[in-house]
Amino acid sequence: MLEFLIVTIIKTAVVLAIVLTHVALTTLAERKIIGRAQARYGPMEVGPHGILQPLADFIKIFFKEDIVPAQADKFLFRVAPLIVLVFSIVNLTVIPFTHGFILADLNVGLLFILAMASISVYGVILAGWASNSRYSFLGGIRSASQVLSYEIALGLSLAGVVLMAGSLKLSDIVIAQQKSVFGIYAIPQIIGFFVFVVSAFAETNRAPFDLPEAETELVAGYLTEYSAFRYAAFFLGEYVAMYVMASLCSLCFLGGWTVPNYVLSILPFLDKIPGIIWFAIKVYAFIFLYIWVRATFPRYRFDQLLSLGWKVLIPLGIVNILITAFLKRFV
Amino acid sequence: MAPLILFTYFATVIVSSAVIAITRKNLVHSLLWILLMFIHLGGIYLLLNAEFLAMVQIIVYAGAILVMFIFTIFLLNLKEEIKESVFIRSWGARLYAVLLLLFSVFIGIFTYEKQYTGPYSIDYIVKHGHTKTIGIVLFNEYLLPLIILGFILLVPLIGVGLASLRRKINGTS
Chain A
1 MLEFLIVTII KTAVVLAIVL THVALTTLAE RKIIGRAQAR YGPMEVGPHG
51 ILQPLADFIK IFFKEDIVPA QADKFLFRVA PLIVLVFSIV NLTVIPFTHG
101 FILADLNVGL LFILAMASIS VYGVILAGWA SNSRYSFLGG IRSASQVLSY
151 EIALGLSLAG VVLMAGSLKL SDIVIAQQKS VFGIYAIPQI IGFFVFVVSA
201 FAETNRAPFD LPEAETELVA GYLTEYSAFR YAAFFLGEYV AMYVMASLCS
251 LCFLGGWTVP NYVLSILPFL DKIPGIIWFA IKVYAFIFLY IWVRATFPRY
301 RFDQLLSLGW KVLIPLGIVN ILITAFLKRF V
Chain B
1 MAPLILFTYF ATVIVSSAVI AITRKNLVHS LLWILLMFIH LGGIYLLLNA
51 EFLAMVQIIV YAGAILVMFI FTIFLLNLKE EIKESVFIRS WGARLYAVLL
101 LLFSVFIGIF TYEKQYTGPY SIDYIVKHGH TKTIGIVLFN EYLLPLIILG
151 FILLVPLIGV GLASLRRKIN GTS
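Those protein sequences? They're chains A and B, same order as listed.
Each step along the first sequence adds one to the number in my numbering, with nothing skipped, and position 159 is 159.
Each step along the second sequence adds one to the number in my numbering, with nothing skipped, and position 155 is 155.
One chain only, chain A, in its complex shape:
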C-alpha cells in the first residue's frame, strides 16, 4: 500500500514536471512559429535564439504587483484562476502516455475528462462575475457559453469513438483502434475527427475562437481585471488544457502510442521506436496545428461562432454517430 502510494506520487511528479516544461517551451515555440509565419524571427535576445525567453517571462510575471479590484468579490476572484488551473491539470491523471504508463486507469476515463472540462467552465464564469466589471462580465458570459456549446459537439464526436471501441477506458480505446481495419479512427470517422478538432480549438479558447483576445470588443474578456500570477494561472490552465486536448485527439483518433499494422508491414523497423515517442509526435503535431491556425485564420465574430457550433458542428456530430452505428452494426 505504502509502496504503491510512493510510486504514484513519484509518477505524478514526473508527469507534472514534464507537462509544465512542455507548457513553458510551447509559449516560446508559439512565438517563434508565429514569427516565422509573419516573416520575422520572434524572440532572439534572451539566450541563444531566445531559448530562455520562457524563464524571463516567468520571472517577470511573478514579480508583478497582484491587484484585486476594490469592488470585486474577493474570495471568488482569488479562487477562479485556481479552478481553471486545477481542473485542467487533473485531466492528466487519466491519460495513458504509453502502454502501461498511466496514473489512474479509470473505467470511465473519457467521461472524466468531459466532467472536469465542464467544471472548469465555472472558473471562467466566476472570473467574469467576481471582477465586478462590465467587460469582464460580458467576456466571461461569452466565453462560458462558447465552451458550453462546443462541449456538446466535442461529446458527440467522442461518442462515435466510444461506440466504435466499445469502451470508455482510454487505454482500451487505443488497443481497439490498433486492432481495427484502418488502425486509426481518424479515417473511418473523418467527420467526427473534423468536429473534434474544431471543438477542441473552441473548448480551449484558442484562435480562431479566442474571444478574450478581441480587444476592440471586450478589452481582455474575463481576464481584464487579472494581473501577475493570477493571470499566469489562467494562462497555464489554457496551455495544459491544450495539451490535454492534443493527447485526447492522439488517443481517440490517431492511435495513441500505436502504429497501424499496415504501416508496420511495409516498414517493420518502426516497431522498434518506443510508444511514448509516437504519442509525443502525434501530440506535437496537434500543438503545431493549434499554433499554425492561430497564425493563419482571422477571429470569428461571436454570433458566427455560436451558429457554427449549433448549426454545423452538432448536426455533423449526430450524422457521425449515425454513420458509426451503421458501420458497427452492418459492416
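Any given hint could be a false lead.
[Unchecked claim] In silico negatives: residues of chain B with every beta carbon more than 10 Å from chain A:
id : residue
1  : Leu32
2  : Leu48
3  : Phe71
4  : Ile107
[Stated by the list, open to error] 20 Å max Cα-Cα, derived EDC-like pairs, lysine to aspartate or glutamate:
id : chain 1 : residue 1 : chain 2 : residue 2
5  : B       : Lys132    : A       : Asp73
6  : B       : Lys127    : A       : Asp172
7  : A       : Lys11     : A       : Asp105
8  : B       : Lys127    : A       : Asp105
9  : B       : Lys132    : A       : Asp172
10 : B       : Lys25     : A       : Asp73
It is worth saying that the hints were derived from the structure and are not from the lab.
The C-beta atom is built at its ideal place from N, Cα and C for all residues, glycine as well.
Since the structure of chain A is provided, determine the placement of chain B on it from the hints.
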C-alpha cells in the same frame, strides 16, 4: 475503515453545503454551494462503485443544469442581494416542511435492505462492470420508458425552437 471515513466526509459536506446554500442571500454564492454539493454527491456514487453515474452526475447536474441556473440569474440581473428574511413566516408552511422531511427520513429507514436480492447482485456488477450493466438493463428491460422519456424531452426542445422562431419573425415584420 477508509470507506466509512470517506462516506462520513461526503455526507457531512453534502448536508452542510445544502443547508448553507439555502441560507445565503447572494444567489451566485448559494449556487456555488450547490455545485460543491453536486460534486460530493458524485463522490458518494464513486463509493458505491457507480463510476458512470458519478461522472454523469457531474456532467449533467454540475456542468449543464447549474450553469443554466447561473445564466438565468445573470440574465435577470439579480446582482443585488435579497433583502427579505431567509426564514418562512407562516407556521403552516413550517409544519408542512418538517412533516415532509420526516416522511422522507422514515421512507429511507423502512425501505432499507441490507441484503439486496434480485438478478443484479453485487457479484453480477463486479463481473460485468457498472457501465455495461446499466446499458444492458436500460436498453432491454426499460426500453419503452426510455423512448417515452426521449419523446418527453424532445417536445420542449421543439417548443423552444418554435418560440424563438416566432419571436424572430415578429421582430423582423
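- Quick check: which numbered hints come out false for this structure? 1, 3 and 5
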